[in-house]
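There are 2 protein chains.
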Amino acid sequence: MKGNVIIGQSGGPTAVINASLAGVIKASWKEGIRRIYGMHYGIEGLLNEDIVDIEDYIVTSQDLSLLKRTPSAFLGTCRYKLPEIEGNEAVYEKIFDILDKKNIEFFLYNGGNDSMDTIKQLSDYAAAHNKKQKFMGIPKTIDNDLPLTDHCPGYGSAAKYIATSMKELIHDNESYGASKSTVLIVEIMGRHTGWLTASAALSKDIDCSGPDLIYLPEVVFDVEKFVNKVKDLARNKKSIVIAVSEGLKVEDGRFLCELGQSSEHVDAFGHKKLSGAAAYLAGVVTAETGLKSRYVEFSSLQRCAAHLASRCDNDEAYNVGFLAAKAAFNGETGKMVSIEVQSRDPYISSYDMFDIHEVANVERNVPKNWIINDGTYVSDEYLDYARPLINGMLNPYFAGGLPVHLTMMKKRKTK
Amino acid sequence: MKGNVIIGQSGGPTAVINASLAGVIKASWKEGIRRIYGMHYGIEGLLNEDIVDIEDYIVTSQDLSLLKRTPSAFLGTCRYKLPEIEGNEAVYEKIFDILDKKNIEFFLYNGGNDSMDTIKQLSDYAAAHNKKQKFMGIPKTIDNDLPLTDHCPGYGSAAKYIATSMKELIHDNESYGASKSTVLIVEIMGRHTGWLTASAALSKDIDCSGPDLIYLPEVVFDVEKFVNKVKDLARNKKSIVIAVSEGLKVEDGRFLCELGQSSEHVDAFGHKKLSGAAAYLAGVVTAETGLKSRYVEFSSLQRCAAHLASRCDNDEAYNVGFLAAKAAFNGETGKMVSIEVQSRDPYISSYDMFDIHEVANVERNVPKNWIINDGTYVSDEYLDYARPLINGMLNPYFAGGLPVHLTMMKKRKTK
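Those protein sequence lines, which keep their order, are chains A and B. Per the numbering used here, the very first residue in the first sequence carries number 2; after that it's consecutive. Per the numbering used here, the very first residue in the second sequence carries number 2; after that it's consecutive.
Treat the hints with care, as some may be off.
Identical chains blur together in the list; that is why a pair holds if it fits in one copy or across any two.
Unchecked claim - Below, in silico cross-link-like pairs of lysine to aspartate or glutamate (EDC-like), each with a Cα-Cα straight-line distance of 20 Å or less:
hint	residue 1	residue 2
1	Lys412	Asp206
2	Lys411	Asp206
3	Lys239	Asp51
4	Lys250	Asp223
5	Lys132	Asp54
6	Lys230	Asp375
Treat the hints as calculated values from the structure; they're not laboratory data. Being a predicted model, the structure only gives us computed values, none of them experimental.
All chains should be built: construct the whole structure from the sequences, respecting the hints.
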C-alpha cells in the first residue's frame, strides 16, 4: 500500500492554480491513495503543522469541476524560500518528521522559480539522507518565466484577461472625439520579464487597432524617446494606448516608479508614496506634451480573473498536476513536469519532465529578437507563440448572476 | 412616408450602451424608416455635421447581435451640454437646419443627466418654433443616478463586473497566511452617488465573505473612525477588504484624494500628482496601523467589460432603445423611457415614460436608510434591489480566444 500525498500551493495565485490541485487529487483518487493532505499556506504552513485533509472539502467530481473554476490559491499560499541545507538541518529534519508522522510519501509543490527551489532542496536532502519521500514540482506562474517548459500554466489565462481588457479599454478610449488626443497608459505585471506585457499585442485584430506602443522590462527605457514617440503618434491619432510593464527601468537601473519619488514626495503621514510606472508616465505625458492622459493598472485582477480563464490553460494546469502526481507514484523525484509544443497551429502539445536542478532559480526572458520597432512592440513570432495559449473558455458556474467558487469557508459534512 | 431617424450616444460609455443603439435600429427597421443616421461623437459631432449612415456598418440581424456584445460607444460619444436657448438661438437653428437637410424627423439621444437636458432643450425649442421633429431620451449611466426610472441601463453590468471582481480579489487577498493582516482597498466609480460602490456588497455569499467595509459618498468620511474600524477588524481577521467610492469627501468638503496633495507633492516635471481615494487610504492604513496595505482601482474597466455584461441589463438597454424609437414614431416627444419593476423576486419589469422636465438635471442618491453600520455597509433593501439586475450572461462571440466586437474600422460593402 502506497503512502499518503501532500500538495502545496506557493507564490502568487493564478486563475488556474486550483486546476493543478484538481489534477493531483484526480491522480490520487485513481491511484487509490488513502489520504490527500493540503499544506495550508504552502511550506510555511507545513512548518507550522497547519495541514488540511482534502476530503473535508473535496469529495466528488462535481467538487473538482468547481475547484477548476475557483481563482486564487484554494489551500492558501506563501512566499517562503527554504534556507540552504547546510547549517539548517533542523528545518529539514522537522519537515521530514512531519511527513513521516502523517505517513506522507508523495510531496507535490505547485509554483514558480522559488517553489522549484523548494523541490530541489527537499529532494536533495531526501537523497542524501535516504528518505522514502518523492518530490515533484508542478509549474505555475503568470509571469511565464520558468525555463525548459514551453510556457507556464497560469500565463495563458492572464494573457487572455489582459488582451480582452485591452480590447475593451481601447474601444473605450476611442469613443471620445475630443480635439486633443487622449493617451491611456496601461500597467501590466512582470517585474523582470515582459511576457505578460507582450500579451497586450494579442488585442490587435480586424476589430481593434491594438496598443500603439508596448514596453517590456527586457529593454532599457528611455523617457525622452518615449515622449517623442507619443508626440509623433498624436499628429495622426486621437486615441493613443500604451502598454507598459511595471518593471520598466531607465539606464541607471532605477525603476520608473522610483523616478517620481523625492524626499518631499511623502503624504501627510510622512509615508513615502509609491506611484506605479503608468502613473508616472501619464504625468510625464501631460507635462511634456500637454495631452490629456490617464492610466489603468490591471493589478491583481490579471492573476485572479477566473471568469475569463483560458480553456487551454486550465486543461494544461490540470494535466501537469495529474502527471506530476502520477510520476511521483511511479517513483520519480526531484523533477518538474513541463509542456512541449509540437505544433502551434493547429495546437498540439505534450508533456515531459526535467531535472529540478536545471529549472530552479533560472529565469527566462522574452527573446531579444521578438522585441521590435526600437523596443516598442513585439514580433509575429511572439503572437504565433502566444495565440494558442488563450484559446477556449472554461465558463464559470453562475448563481444569482455571479460565478460560484469552492472555498474553505465551510467544511463538507464528512462521512 | 415618415422622415428619417438620428441617434446619438453621449456621456461615459457603458458595457450595454450599444444594445440601446441596436434597439433603435431594430425599431426603425420594423417601422420601415428610410435612413438611420448616427451622430459621430454625439451632439458635438452633429454640430460639426459629422454624421454616419448606419447602413454602412449594420445591415443584418447578425450585425445587431454583435453590436449588442460590443462595449464602449459604437458611434463615439461626447461630454457636451447645449447652452441655454435664450441668447444662443443660432446653435439651435443650426441643429434644426442640419436635421431638416437630412429629412430627420426622429431624434433619439442615449445618455445620463446631461443628455436628458439636451432632449429637454431641443424639444422645448421645437415646441416653441413649431418644428416637426420628435425628441426622445434613452436612459444610460453606470452611475444609476437618473430619477423616476427604477434603475438605469448600464448599471447592472457595471455592478456585475464589480461584484465578480470583488469575489475574485477577496479570494486572492485571503490566499496569503502571513502573520500580519493585509488590507486591500478597492476604489469604485461614482463621484456623487454610491450605487456602484454599493454593488461590492453583492459579492457576499456562502462562498465569499464580501467586503468588510463599504464607504459611499452619500456619507461624510471620517479618517480617524476609518482607521479605528480597520484596527478593530485586524484583531480577528487576516484578510481585510474595503470598498470605497472615488467620490468620498471629508467634513470640510474636500475629496479624499485632495488630502494627500500639498505644494511639495509634485513630480519631477512640476506636475501635481493626483492619487485616488484608495491610494490615499492605503497610505493612511500603513502609516497609522503598520499593516500591509495595497489598493486596486477598477477605473474604466468597470464601464467597458462587455465580456461580463448582465443579460438582464443588456435586454433592458435594448428594450428602452426600441421603445423610445417606437414612441417617437407614434408622435411622442420630450420624454424619457423608464423602467418599472413590479416584482423583484421573481423579477418582473415593464416600461413607462416621463416628461423630460421631471428628469433632466435631477440626481438620485442611494437612500440614507439603505446605508447602515455607521455608514460602513449597505442594507438588505439594497441587495434585494440590485440582485436581479446582474442576472444572466450575454456571452460574447469569441474568435481566437478573444471577444469579437463590431467597430467602425471597416465599412461593410454597401449595396
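These are the hints, each one checked on the structure:
Only between protomers do Lys412 and Asp206 lie at most 20 Å apart by alpha-carbon distance; the minimum there is 15 Å, versus 46 Å within a single protomer. Taking the shortest alpha-carbon separations for Lys411 and Asp206, only the inter-copy value of 12 Å comes in at or below 20 Å, while the best intra-copy value is 44 Å. In the homo-oligomer, the alpha carbons of Lys239 and Asp51 lie at most 20 Å apart only across protomers (16 Å), although the nearest pairing inside one protomer, at 56 Å, exceeds that limit. Taking the shortest Cα distances, Lys250 and Asp223 sit within 20 Å of each other inside one copy (9 Å), while across copies they are farther apart (39 Å).
When the C-alpha separation of Lys132 and Asp54 is checked against a cutoff of 20 Å, the pair qualifies neither within a copy, at 23 Å, nor between copies, at 76 Å. Taking CA atoms no more than 20 Å apart as the test, Lys230 paired with Asp375 passes inside one copy only; the shortest distance there is 11 Å, against 51 Å between copies.
In the structure shown, a violation is registered for the earlier hint numbered 5 alone.
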